[in-house]
Each structure stands twice: as structure tokens, then as C-alpha cells.
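In case you want the letters, here they are:
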Amino acid sequence: MEQVQADQKKFWHALVEIDRIQASEIFQTYYEANRIQELEWLISDTLRQIGDSWQQGDLSLAQVYMSGTICEALVEQYLSDQPIKYPSLPRMGIAVLQDQHVLGKRIFSSILRAHGIKLIDLGEGLSPETIVQITMDQEVKVLLISTLMLHSAMKVKKVIALFEAHNYSVQVFAGGAPFRLDDTLWQEVGLKYSYSTATEFVKAIKSGVLG
Amino acid sequence: MTLKSCMTPKERVLCALDHKEGDRVPLVLLFSYYGAKVLDMSIQDYFSNPENIIKAQVLLQEKYQTDCYYAFYYAALELEAFGGRVLFSEDGPPNNDGYVIHDRSDIFDLSIPDVATNPHLQKVIATIKGLKLKAGEAIPIIGGVIAPFSLPVLQMGFEAYLNLIYFDPEGFNVLMEKNSSFCIAWANAQIEAGASAIGYSNPLASPNIIERKTYLEKGYPIDQKTLSKIKGSKAMHLASGIALPVMDDLMTLDIHAVGIGPEDSLAELKIKSKGKVALLGNLNGLEMVHWSERTIKEKVKHLIQIAGQSGGLLISDSHGEIPWQVPDSVLQVISETLRQEGTYPIH
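Those sequence lines, one after another, are chains A and Z.
Counting from 0, one number per residue, gives the positions in the first sequence under numbering that gives the first Met the number 0.
Counting from 0, one number per residue, gives the positions in the second sequence under numbering that gives the first Met the number 0.
Among the clues, some could well be false.
Here's a subset of chain A near chain Z, in silico, CB distances under 10 Å, partners left out [said to hold, decoys possible]:
(1) Q21
(2) Q99
(3) H100
(4) V101
(5) L102
(6) G103
(7) G122
(8) G124
(9) E128
(10) H150
(11) S151
(12) L190
Each computed DSSO-like pair below joins lysine-lysine, with the alpha-carbon atoms no more than 27 Å apart [to be verified]:
(13) K122/Z - K62/Z
(14) K133/Z - K230/Z
(15) K224/Z - K156/A
(16) K212/Z - K300/Z
(17) K300/Z - K9/Z
(18) K217/Z - K9/A
(19) K36/Z - K54/Z
(20) K230/Z - K19/Z
(21) K205/A - K140/A
(22) K298/Z - K157/A
(23) K156/A - K202/A
(24) K8/A - K212/Z
(25) K212/Z - K224/Z
(26) K212/Z - K9/A
(27) K298/Z - K9/Z
In case anyone wonders, no lab produced these hints; they're calculated from the structure.
Beta carbons: idealized from backbone N, C-alpha and C, even for Gly.
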């Protein structure tokens, strides 16, 4: 266990220093030794710590993004043939409301995929009406909305109202800079839950929030 | 009546930038697309004619007793200047519609816009000239540029740009040279047209976005070079990002003020910056949409108490533009509270 914890620290350093080679070497060592469960712990705990550090202002968004994409690539390379981790999860999709900037969506997707959770990419620059239509067409039951600007975040309310008008049952979550800078905004737009980071959301998934 | 009691906005702002106490703390509310709201027109129509911006700036300055005119249109205007497209919405800032750099070769082929002939940039120049006729020497005009280190987010998207920063030094350096040349020419054209100061928007300098180590290695040298060649006063704005961890670094640049974020420690920033650079901010533009009168008064008073002593404070929002959703009543109370509580000497 001590060795795993020591390796976890090294893995953490590799990710925040954006050292893909070092991260891959650690990953490969565990994979070749068939220590898959420890490897999964390595990823999930490191990404959790990185998310927490970002929350506290100790790491940058760039470090969170690069960590997520490095982990996602390693998971894709080494663990894509592993059994699906959460087979009972409803279909989950992620979209960017109105804005074109996809960094938040990418970070979230990478981290969830690194945890073995697949998200359907519904696109970006979408109007509330388009998001609702695509969600229903794809039979998505858990929708994650990424926003960059306040006026986009305010339109989450319209998305929720449109789902209700269509009588379509879906759990809606939203995030992005507006929700981070105004911690009452999630209530104002009619969301039921608020998660600050992808790893917090993963924790909620593991504790059965999505049913 | 003493000179101090009837200062012009320009005198008031200069006092703050010189770390002196004028008649009161300056109020620098940055109205960009918000002007369309007061003129009751669409944002796209608003930005189609410099006369609209001039009219709105005069109205807003008189209405809220602010201490500047703001000639900045929107960040994506620079993308338009580079040949990109913009999307206009009904209640938000115009945003980029796609990018101008799609693969690596585009960086090497990218042409720098000619400020003198580019129609998008010339609209802003016409705006500044028109505002100068209104302002004379009484009201400072703030122009705006996007820093070379931050512009690529609009030019190529955040993801592709992060990969450029970390993994493609040659491509990164070529793009920075081009962006720096453009930024210098664009900023100086605005100064020549009559702008008193340039807002240098640089969110990627904040450790919220890029860690300090990478900023110092990649962004700081280009900021140092670019800012040294821009004439006039400059204020670096981090667009709601925290400034404290890089404040010592930013204060070595050729700038007179730093726009600080709502999550910054005001007290610590005041200690660091006192007598060196002024603080611009840091009322939370998102939260202020639903502030009560009591909250507004508390926030403004707190800001003045913590950061107003010895000048060096210009009260503004934290992001660099007032959101459309902020009600007139909130802005009125901010203005009134400042005039009541922000008079020097501060008690």
C-alpha cells in the first residue's frame, strides 16, 4: 500500500507537471503487473485531488484539462477492453449551451471517461431548443450543460422548462464559470443539485444520485 | 470651492493612478454591449454604428456619474479583424463563431490585420475620435486590446491553444510574435485617436487559467515586450481571474493598474500594490444581478474601506464589462454609495 501511495504522488506530479511520459510509465507498470484495481484507484484518487486543488485555487484550469486528457488517453490505450464499470447508469450526454468554447465540456468528459463513465457529446453552440431536441433524439436521461457566459447560464432555466413542456424526464446538471462565480445561480435557474468539479460529480454517481 | 472638491473625472482617475487621494474614489463602470440596452436596440445594430456607442457612453456616464468613457466593443472584434466571424445574441457579449486557426500551418500563414484599413478596427477608432470630441480633457477614454498571450483562445480555441503552449514551442513563438505586433499597433492607434488608457485583457495570466510557472515562461516575456511598446497608461485585466499569486510579477510590467477578481484577497493585494499599481475592481458582475440595496452598500463600503486609502483604487466590476442582466437600480445604488462613502479622506 505504501508503494501505491508513493506512486500516486509521482502520478500526481506527472499530471500537474504535464509530463505525459512519466504518467504513462507509471500507468504501464501497473497495467503490465495486472494491478488493474490499484490502477483505477490511482486515476480516481489523483483526479479527485487535482479537482480539489483547483477548487482551492492551487492548480490552474490548464492543469486540470491536461491531467484529464492525459488520463483519458491512458485509459483509452490500456483499459478500453475492461468491463463497463457502471452498466446501470442512464444514458448521459454533455452539451455546451450557446457558447463555442468547449474546454469545460472536454475537461468534464475526460475526467468522467477516465473513471470509466461514457458521455455522449451532444455538441456546442447549441440553443436551448436544439439541446432539448438532441437530448430527446439521443434518448439521453442525464444531461450535463456547460456554460461560459452569464446569459447562457440563465438559459438553463429555459432548457428545464422545455423538457417539462415536452413531458420528457431527464436529470439536468450545469456548470461553468458563471456557476463558479455566483454560487446561488444554480438555484436561480432551477437546478436540483450543484457540483463544483467533475470528480465531485463522479462521487455523486458512485453514491447513487443518478439511481 | 477648492480644486479638490470639483475634480473632473480625468483628474480623479489620475489621482487614483498616482496613488493620491483626490476628491473621491473613481467609479469606472465598464459598459460595453450594455449600451444597446439603454438605447433599446439589438446588440448587433448597436455595434454597427460608432454613433450608437458614443451616444450610449455619454448617457451612461451622466446617468451613473462614472469617471470614464469605454470605447471597447467586444473581445471577438479582434477575431473579426483577423478574418473570423462573430455571433450576436440578444442579451450577451458577441462571441466568436468558429476560429481562424484550424491547423498548424494556419499559424504560419496568418496575416496581421492592417489597423489603418481594417473596417472592424476603424469603427472603434471612429468611436474614440467621437468620444474625444465629447470628453475634451475632462473624461478619460479607455480603449481595449486582447493580450497576445490570451488572443489565441479566440483564434484557435482553448484546447488547441493549450496543446500549442505545452507541446509546440515553434508554433507558439510564431503566433506570439504576430499577436504582439498586432497588439502594439492596435493599442497605439487607439491612443493616437484619443484614448487615455488601454485595458489589456489577459485572463490567461491568472493562475486560475494557467499556472504561474508556465505564465512566467511563456506569457510574461511577451507581455513585457508588448506592454513596453504601448504608449499611454495601461491596465492589465484578468477577467475575474485571481491576481494575487502573480501580483509581484505583474507589478514589474509597464502597467499602472490591475483588474482584480471577486475571489482575490483585497487586503493582501492592497498591501502588495500600495504606491505601485492601482487596483481596478472588484465588484462581482455576475452576483450583482441579484444584489439587494443593503448588499450593494456593504460591498461598496467594504471595497472602499479595505482598498481606498492613499488612492490606488478605481471601483469597477470584476470581469471588465457590466452584464446585460444587471438592473439599473443596482448601478444607481453603486454610484450613490460611492459618492456617499468614497469621499476622501475615508473614515
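Hint numbers the structure violates, sorted upward?
1, 7, 9, 12, 15, 16 and 22
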